[in-house]
Amino acid sequence: MSLKLEKFEEFTEALEFIDDEDMRFEYIIDIGKRAKAVEFPIDWQVNENLMHGCMSRVWIVDQPKGGRHYFRGDSDAIIVKGLVTMMTESFSGLTGEELDELDAEYVRRLNLGALTTQRQVGMLAMMEHLKKLGRNGSANGGN
Amino acid sequence: MMNSSQLTPISVGDNSTAAFDVERVRRDFPILAQTVYGKPLVFLDSGASAQKPRVVIDAMRECYETYYANVHRGAHYLSQRSTDAFEEARVTVARFINAGSENEVVFTSSVTESINLVAATWGRKFLGPGDEVIVTEMEHHANIVPWQMLAQEKGIVLRVMPITDQGEFRIEDFEPLLNPRTKLVAITECSNVLGTMVPVKQVIRLAHDKGVPVLLDGAQGIVHHGVDVQDLDVDFYAFTGHKLYGPSGVGVLYGKWDILNTMPPYQGGGDMIERVSFAGTTFKPPPHRFEAGTPPIAQVIGLGAAIKYVSGLGMDQISAHEQGLTAYATDRLKSVAGLKIYGEAAEKAAIFSFTVDGTHPFDIAAILDRAGVAVRVGQHCAEPLMDRLGIDGTVRASFGLYNTRAEVDTLVAAIEKAKGMLT
Chain F
1 MSLKLEKFEE
11 FTEALEFIDD
21 EDMRFEYIID
31 IGKRAKAVEF
41 PIDWQVNENL
51 MHGCMSRVWI
61 VDQPKGGRHY
71 FRGDSDAIIV
81 KGLVTMMTES
91 FSGLTGEELD
101 ELDAEYVRRL
111 NLGALTTQRQ
121 VGMLAMMEHL
131 KKLGRNGSAN
141 GGN
Chain S
1 MMNSSQLTPI
11 SVGDNSTAAF
21 DVERVRRDFP
31 ILAQTVYGKP
41 LVFLDSGASA
51 QKPRVVIDAM
61 RECYETYYAN
71 VHRGAHYLSQ
81 RSTDAFEEAR
91 VTVARFINAG
101 SENEVVFTSS
111 VTESINLVAA
121 TWGRKFLGPG
131 DEVIVTEMEH
141 HANIVPWQML
151 AQEKGIVLRV
161 MPITDQGEFR
171 IEDFEPLLNP
181 RTKLVAITEC
191 SNVLGTMVPV
201 KQVIRLAHDK
211 GVPVLLDGAQ
221 GIVHHGVDVQ
231 DLDVDFYAFT
241 GHKLYGPSGV
251 GVLYGKWDIL
261 NTMPPYQGGG
271 DMIERVSFAG
281 TTFKPPPHRF
291 EAGTPPIAQV
301 IGLGAAIKYV
311 SGLGMDQISA
321 HEQGLTAYAT
331 DRLKSVAGLK
341 IYGEAAEKAA
351 IFSFTVDGTH
361 PFDIAAILDR
371 AGVAVRVGQH
381 CAEPLMDRLG
391 IDGTVRASFG
401 LYNTRAEVDT
411 LVAAIEKAKG
421 MLT
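Protein chains in written order, with the working numbering: chain F, 1 to 143; chain S, 1 to 423.
Some clues are possibly wrong.
[Said to hold, decoys possible] Think about it this way: if two alpha-carbon atoms lie no more than 25 Å apart in a straight line, the pair counts; the simulated DMTMM-like pairs of lysine to aspartate or glutamate are:
(1) S/K417 / F/D20
(2) S/K340 / S/D392
(3) S/K419 / F/D20
(4) S/K417 / F/D19
(5) F/K36 / S/E416
(6) S/K419 / F/E26
(7) S/K39 / F/D22
(8) S/K340 / F/D76
[Said to hold, decoys possible] Heads up, incomplete: computed chain F residues facing chain S, CB under 10 Å, no partners named:
(9) L3
(10) E13
(11) A14
(12) E21
(13) D22
(14) F25
(15) R57
(16) S75
(17) I78
(18) I79
(19) V80
(20) G96
(21) R119
Derived by calculation from the structure, the hints in this document are not laboratory data.
Beta carbons: idealized from backbone N, C-alpha and C, even for Gly.
Using the sequences plus the hints, can you model the full thing?
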């Protein structure tokens, strides 16, 4: 946990502050709703950006710039949109090497009991996907 | 030659006058008396797998604690007791479905295995290129993929019967599909997504008029209404233990003995042979011919206990209780603005697939979960049906004998709450 991650800290502090599990759940939904307001272009919703094995569809694109990775994510389910947004916003701006340092502890801190095991597994899969994109170092979404 | 004993049906059609006391019934299911996330559990996922009454749990525990041993070949006391209990369960199943003989009851691991068994033995032996198997648009994958595999291997053709937009099975859409190339009708008795009950008696009569045998996927149907295989005159009937309040890991294939006896073995191994030598092996008659290896002993015994339990309640009583729930849930769910129910056939089991405008099924199910309401979400192993309906998935609330009207109210309130949170 040595990386300096501003958005990640913001999310985890908020989640720690909320002491009711249902309220944490609503917080994640609100993140999803907020993220929905920002367009995720329809031409990014293609198979090559689709994460496989999720209960709802999840797309993640990488827009690397100056050796750092900037992610955008989307889902047709609002809760998953909230989760993928927490992941992409938390871990954007990292290099491929820094992304490789991420481990399950980060997902645990973003979870805080608001998620079922199944969804935690989904978030771990998202994290692995970000790391894979970081290793590929290629842009498949935009500029 | 049918090797049968005369069986007396047990209380499938029990017209007990005692009212169905759902609160008393609920006390038979230990798992229901709990809270999740601090809320009372409302279990509406029995269509996926039902909960188990204490008598089933006790029967399996008693087996393991007092008389468990491998069946059929042991020369000792425990093996004899296990064998007796195992074969008694076969008789219990046979009576429950009103089979002509317990020798028409093959134990498998699941409906999936039961259908695969028919496809791999009867299908391989009797079907060839151009032969047609009729299925419907609302089949579970378990009654699609085995026939597709046979199509790849043998060149058979799958004919798919359409359903209506309301999810109805219309006999007038079925009849024209029967033709001289039709060699099997393999359809669900009750859709696991729509709840649609198929008029199987009519289907069987029409098929038999053309000399075509019928296989029914009874996974959902038997749970809600029981079955009388002789009255239906069905050729194969597949069902599973875990949806019938019994354990997982055990399924049943009923087959008419004269048909089973023409079928080659499914898997080779122990328990299904008469004599093995390197010069050649001879096989046992049905049903043991199809039960290679050690069977799921305690699960079979648990299934027997489950059948005695539901028979004791009376399938007529269970069915009447669930029909009341179906009518009530239909009304209540229709009162939710923006909620669309998939499957509105007149003859419908207590299974409700739905979507809510402007929301994703996953989100609804996740919020219902937080309210203690357990439902299923997704495509329900019926992708072709989802394509037919033009949707990615649904939320599915499926009711069992232990569900109540109050739980319908909890479901509806939780859906309204979810709508408020998501839109």
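Against the structure, the hints come out as follows:
{"no.": "1", "hint": "S/K417 / F/D20", "result": "holds, 17 Å"}
{"no.": "2", "hint": "S/K340 / S/D392", "result": "holds, 14 Å"}
{"no.": "3", "hint": "S/K419 / F/D20", "result": "holds, 20 Å"}
{"no.": "4", "hint": "S/K417 / F/D19", "result": "holds, 21 Å"}
{"no.": "5", "hint": "F/K36 / S/E416", "result": "holds, 22 Å"}
{"no.": "6", "hint": "S/K419 / F/E26", "result": "holds, 12 Å"}
{"no.": "7", "hint": "S/K39 / F/D22", "result": "holds, 12 Å"}
{"no.": "8", "hint": "S/K340 / F/D76", "result": "holds, 18 Å"}
{"no.": "9", "hint": "L3", "result": "violated, 29 Å"}
{"no.": "10", "hint": "E13", "result": "violated, 23 Å"}
{"no.": "11", "hint": "A14", "result": "violated, 18 Å"}
{"no.": "12", "hint": "E21", "result": "holds, 7 Å"}
{"no.": "13", "hint": "D22", "result": "holds, 6 Å"}
{"no.": "14", "hint": "F25", "result": "holds, 6 Å"}
{"no.": "15", "hint": "R57", "result": "holds, 8 Å"}
{"no.": "16", "hint": "S75", "result": "holds, 8 Å"}
{"no.": "17", "hint": "I78", "result": "holds, 5 Å"}
{"no.": "18", "hint": "I79", "result": "holds, 5 Å"}
{"no.": "19", "hint": "V80", "result": "holds, 7 Å"}
{"no.": "20", "hint": "G96", "result": "violated, 31 Å"}
{"no.": "21", "hint": "R119", "result": "holds, 8 Å"}
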